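Novice: Spelled out from the first residue to the last, the chains are:
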Amino acid sequence: DTEVTQTPKHLVMGMTNKKSLKCEQHMGHRAMYWYKQKAKKPPELMFVYSYEKLSINESVPSRFSPECPNSSLLNLHLHALQPEDSALYLCASSQGVAAQFSGANVLTFGAGSRLTVL
Amino acid sequence: QKEVEQNSGPLSVPEGAIASLNCTYSDRGSQSFFWYRQYSGKSPELIMFIYSNGDKEDGRFTAQLNKASQYVSLLIRDSQPSDSATYLCAVTGNQFYFGTGTSLTVIP
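Residue numbers (the numbering used here), protein chains in the order written: chain A, 1 to 118; chain B, 119 to 226.
If you're looking for bench data, these hints aren't it; they were derived computationally from the structure. Mixed in with the good hints, there may be bad ones.
To be verified - Simulated restraints, written as ranges between beta carbons of each label pair:
(1) A:Arg-30 - B:Pro-132: 43 to 49 Å
(2) A:Ser-59 - B:Gln-198: 37 to 43 Å
(3) A:Leu-118 - B:Ser-158: 33 to 39 Å
(4) A:Ser-65 - B:Leu-129: 38 to 44 Å
As the list claims (entries may be wrong) - Not everything, but these chain B residues come out facing chain A in the computed CB check (under 7 Å):
(5) Pro-132
(6) Tyr-157
(7) Ser-161
(8) Pro-162
(9) Ile-165
(10) Leu-206
(11) Phe-214
(12) Thr-218
Keep in mind it's a predicted model, so treat the numbers as computed, not measured. All C-beta atoms in this analysis are idealised placements derived from N, C-alpha and C, irrespective of residue type, glycine included.
Construct the entire structure; sequences and hints are all you get.
Specialist: Listed below in structure tokens is the structure:
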């Protein structure tokens with residue numbers, strides 16, 4: 001299994017809603033990532049989990065709350081979002097973290113969750 | 119802040135031609151370099167990675183790395199309309215740093 005699975009594919013929510021994005025991988029990867037991507041822009045790193053511990057938080061607003069229940073799962077909890085948070089949210093995983101690069105530490109992306117905040 | 123620069127394009131080439139995509143990076147300590155392809159509305163998919171100076175070939179794709187010049191490129195031979203996409207260069211430091219991407223259009 002060489003896939004990163006993200007659900008839901010599309011999500012529409014109001015500014016007062018609470019929702020979650022889910023990500024799952026079964027490649028034995030020990031690093032998992034959340035990226036946010038706006039149209040015609042590169043992926044923007046939000047969070048990195050390494051060995052199930054949060055290792056990087058790129059100063060993301062607290063209305064985004066990540067969770068890593070185990071080595072295969074990564075969630076992103078959403079609450080009180082703003083319309084400007086509408087974007088494609090990408091989950092990714094890698095064998096190890098970038099700083100431990102070993103020549104094959106490739107970032108594998110899921111298909112993404114398209115979020116629209118009304 | 120580590121910087122990864124790419125020409126945003128758009129780059130247009132006729133079908134069958136060679137497309138050349140370029141990327142420069144600021145951190146001399148960067149160890150590995152990746153090229154991702156992203157179709158509109160889809161997620162990035164890995165084309166190839168390179169970590170040693172020189173060329174690396176995979177089918178119609180060749181990645182070239184010159185660490186002294188802090189430069190990595192991707193050549194696409196015999197370009198096809200299906201190659202039309204945005205190509206993202208990524209470089210590792212303590213995380214993966216992405217360039218802004220180059221939009222490529224292959225004209226039939």
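Novice: If a hint holds in the structure, say so; if it does not, say that too.
Specialist: Structure-based check of each hint:
1. Take Arg-30 (chain A) and Pro-132 (chain B): their Cβ atoms lie about 44 Å apart, and the range 43 to 49 Å holds.
2. In this structure, Ser-59 (chain A) and Gln-198 (chain B) meet the distance hint of 37 to 43 Å, their C-beta atoms being roughly 41 Å apart.
3. Taking 33 to 39 Å as the suggested C-beta distance range, the pair Leu-118 (chain A) and Ser-158 (chain B) does not conform, at roughly 23 Å.
4. The given range of 38 to 44 Å is respected by Ser-65 (chain A) and Leu-129 (chain B), whose C-beta atoms sit roughly 40 Å from each other.
5. Annotation: interface hint on Pro-132 (chain B) violated; nearest CB of chain A at approximately 24 Å, more than 7 Å.
6. Hint status for Tyr-157 (chain B) relative to chain A: violated, with the closest Cβ pair at about 11 Å, above 7 Å.
7. Annotation: Ser-161 (chain B) was flagged as interfacial toward chain A, and the flag holds, the nearest CB pair being 4 Å apart, inside 7 Å.
8. Here the hint on Pro-162 (chain B) is kept, as its CB sits about 5 Å from the closest CB of chain A, short of 7 Å.
9. The interface hint given for Ile-165 (chain B) is broken, as the beta carbon of that residue sits about 11 Å from the closest beta carbon of chain A, more than 7 Å.
10. Because the beta carbon of Leu-206 (chain B) sits about 6 Å from the nearest beta carbon in chain A, less than 7 Å, this interface hint is met.
11. The beta carbon of Phe-214 (chain B) is positioned within 7 Å of a beta carbon in chain A (closest approach about 5 Å), and the interface hint is therefore held.
12. Against a cut-off of 7 Å between C-beta atoms, the interface hint on Thr-218 (chain B) holds, since the closest Cβ of chain A lies about 5 Å away.
Hint violations for this structure: numbers 3, 5, 6 and 9, all remaining hints satisfied.
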